[in-house]
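Working from the sequences, and respecting the hints, build out all of it.
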Amino acid sequence: MSLAGRLSPLNRRRLENFRRNRRGFWSLWIFLALFAVSLVSEVIANDRPLLVRYEGQLRVPFLVAYPETAFGGDFETEADYRDPFVRNAIEEKGWIVWPLIPFGHGSVDKDLGVPFPAPPSRTHWLGTDDQGRDVVARLLYGFRISVLFGLTLTLVSSVVGVVVGALQGYFGGWVDLSVQRFLEVWGGMPVLYLLIILSAFIQPSFWWLLALLLLFSWMALVDVVRAEFLRARNFDYVRAARALGAGDASIMFRHVLPNAMVATLSMMPFILSGSMVQLSSLDFLGFGLPPGSPSLGEMITQGKNNLQAPWLGVSAFVVIAAMLSLLVFVGEAVRDAFDPRKTFR
Amino acid sequence: MAPPLLEVNDLSVTFDLGGGRRATAVDRVSFSLGRGETLALVGESGSGKSVSALSVLQLLPYPLAAHPPGGSIRFDGEELLGAGEARMRQVRGNRVAMVFQEPMTSLNPLHTIERQVGEALVIHKRLSPAAARARIVELLGLVGMGAQAERRLGAYPHQLSGGQRQRVMIAMALANEPDLLIADEPTTAVDVTIQAQLLELLSGLQKRLGMAMLFITHDLGVVRRIASRVAVMQSGRIVESGPVAEVFSNPSHDYTRHLLSAEPKGRPAPRDPAAPVVLEARDLRVWFPVKAGVLRRTVSHVKAVDGVDLSLREGHTLGVVGESGSGKTTLGMALLRLEGSRGEIRFSGRDVQALRGRALRPLRREMQVVFQDPFGSLSPRLSVGEIVAEGLRIHGLGADAAARDATVVEALREVRLDPQTRHRYPHEFSGGQRQRIAIARALVLKPRLVVLDEPTSALDMSVQAQIVDLLRELQARHRLSYVFISHDLKVVRALADEVMVLKDGRVVERGPASAVFDAPREPYTRALMAAAFELAAIGGGAVRE
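If you read the protein sequences in the order shown, they are chains G and P. When we follow my numbering, the leftmost residue of the first sequence carries the number 32, and every step to the right adds one. When we follow my numbering, the leftmost residue of the second sequence carries the number 115, and every step to the right adds one.
Watch out, some of these pointers could steer you wrong.
As the list claims (entries may be wrong) - A few chain G residues facing chain P, derived, Cβ under 8 Å: (1) E109; (2) Y268; (3) R273; (4) L275; (5) G276; (6) A277; (7) H286; (8) P289; (9) N290.
Note that these hints are calculated values from the structure, not bench results. Ideal placement from N, C-alpha and C gives every residue a C-beta, glycine not left out.
Right under this line is the structure:
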C-alpha cells in the first residue's frame, strides 16, 4: 500500500500543504542529503585509506586498525598511512585507494610548506586551521556532531517536556501549580553561567553536555503541551473515555496526547536549531566538547583568533547559517502543514 | 404593488476548495421580501441558508467565496452584489442589520454593553456620547431589559445570561432602525423558554417598527410561529416556497414533506411495572464550594444538585427535564460517578458511592453515557473502529483482535452504520452519524444503563427523529434503562416513561410521563410545556430571565 493510502485525509492534506511550501520542502531534502553525507564522513574525509592491496591481500584500514608491522614496518602500533615510509612500503607491493579528502578531522598535515593556518589550496580546499587540520574535514565532522547532538537533545527534551506538560495539564490543581512555580524559578536561572560553572567541575563530553543542556532545555514544550491538556481534559471525548473505565495513563497518552502533538511537532524544528546554537555557543566559549573535537563553534573561535585567515571564520559562518536557515524553512513548512486555516493561492 | 424591499435573483455562491476545485454552496436561489414582511429560510445544516443570508451583506470570505455571474441582490432598488466595500459599510448595521446564532461569541467579551450597542450609533449616526447613551437605554428598554437598563450599561457579556445576551444582540441590530433584519438561527443556542420569549420579542418589534425580517432556522415550529412566508432549502437550492400556511398544510415537494414528518413522534411502549430496579439514588447532592479570601476558605456552595431521589427500573426511561443550569447534566455525571457527590447511589442493589479507582471499573461496563455534542465526544485522532473498540480493549473483552473487530462490526450494524466505515475518522461523518458512533461505543459493552445527555439537541430535526427511533428500538431489544436528559420536551415525550422536572438542582415535579405532560401541576412545568409545544412565553416569573 502506498504511503498516501495509509494516511488519513487530514494528514494527506497536511502533507500536501507541506509540499506546497516549496522552500521548506526543498530545504528538508537538502538538509537530509547533507545529513546523510555527513553520516558517512569516514568514507569522505579520512586519514586512513578506504582500501589497501598489499602482497595480494585486500585490507580496509578505515574500518580495521592494522599494525604497521602488517605492512613491513617496525612498530606494533597502528600504521600511519600519511607517513611517507608506510605509503612507499605499501605502494611497492600493491596500491592504496584514498577517500575524496585524505584527511581526518584530527589529522595534522605536516607536509605543508606554509605556516598554519594555511590558505585554501588544491590539497586543502578551504585551507587548514591554526593546527594544520583540514577545514573541510572538520566542517563535515562538525556538522554531523552538531546535528546528532541537536537531534538527541531535541528528542530527549521533547519527551521530558511533553510528559511534564501532560501531567501538569491533565491533573491540574496543585500539581499544575507547584510545577508552574518550579518552572518559573528554574527558568529564571542564568543558564550560561551555570553551564560554565558546571563544566569547570567535570570534563565535558558529548553525553555530559547533553545532560547539562537537558537540565534547562526541557522547558520549551511544557507550556504548550500543558495548555493543550488543560483544554482537552474537559472535552466530552475524555469524559466518554472515563465513562468507559479508561485509566489516567490511557486517557493521557491515547486520547489527549495525539491532539496535543500538533503544537509539539510544529515547534520541533525550532527547538532543534536552538539546541545546535547552544552547543555551538558553548564550543565558541571553550566550555563545550573536549578539545580537539570537530565543532562548528570551535571553528568560529579560530576564525576570531586568526582574522588574517578569513577562510576559517567565513566557512564556519556559512555552514552554521545555511544549517539554521534550512531548519527554519523546514519549521515554517511544518507550521503551514498543521495550520488548519492555511490556504495557498 | 410596491416593489419588494429585497429581491434576490439567481444567486449562486461557490467556494474554492483548493487545487482548482470549487464547491457550489448556493445554486441559483431567488426570493423576495416586501417591507414589513417575514420570510423564513428553512433547511438542514449545510443546505446553504446562512451562506445565502450572508451574501446579502456581502460578508462571505471573499475571494475564497465567489458569486458566479448572472445573479443579483437588489435592496431597495440598489444592486448589492459586487458593490464596493465602502458602500457596503454604509448599508451594514444601518439599513440591514444582522443577529447571529451564538450570543456568547458574537459579542466582544472585552466591551461593555454600552460600548457594544453604541458602536453602530457612533459609526453611522455620529451621535455624541450623551445622546448615544440615551438612545442605548431606550433600545435596551425596547428589547425588554428596561428595568435594569441603566445598571446593565456597564456590564460585560459574561455577566449576562444567554437570553440577555441575545437581547443585547437584537438591541445592537435595531440601533439604527434598519429596514431589514437578518436573523440567523437567533434562538438555536438558548433554552426553549428563552426561545419563546425571544420570538415574542422579535415579532412584536417587527410589527412596531415595520421592519422586514429574513429569519433563518431549521426548526419548523419556529417558522410556523413567526413567519408569513417560507422558502425551503435543500443542498443549495430553494425547493419550495410560499405562504407558511399553504406550504405546511399542502407541501408539494418531497423534501418539505420529509421535513414536516420529521418531528419526533410516537410514545414509549408500555413497560413491565414489576421489572427489577436498576438504579436508585437517595438524597443525592453535588455542591461546588465557593472559596474566598486569602486562605481560600469555603464560604458557601453552589448547589448544582440538591437532594435528588430517583429510582429507575430495567427497560424503563427516566426523562430529566429543565432549563440550562438546572443541574440536569451534573445529575447525570454524578449518577455515573464521573462527578463527586454525596448521598446514596445504588446500582443493581449495590452501593457504588464508596467504590474508588479500580473497583469502579467493572461497573463502568454496565453504565454508559452518550453526550450532547457529537463533534466533541469522539476523539478526532482515533478511527471509528478504534473508538468503538476502546471499551472492549479496556475491559479485556473479546479473545483477540479479530473477535473484537467482529463485535465492533456488529455494534456498528446495530446502529445502522456501514461497518466498512470503521477505518475512517470521525470528521468524515455527519452529526447524526457521529451520534450513532457514540451510541455504538456505549452499546458495544452491553450495558444495563445508558445516560443520554441531550443526545439529540445538536442534531437536525429529521435526524433527531431517526435517533429517537433507534434509541427506542435498542431499548426494546436489550432491555436497556435510560436516563434521558433533555430540555427538548418533544423528544422526552417520545421516549420517557417517567419524568422528573429539575429547577435549581431540586426536583419540582415528578411522575409518569403521561400525567406530567397532560396535567402539569407546577407553574414552572407549565411554562416549560408552553414554551416547548406552543412556543409561547408564559410570564409570571415562573421562568427565569
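Q: Could you work out which earlier hints the structure fails to respect and list their numbers in ascending sequence?
A: Hint 1 alone not satisfied by this model.
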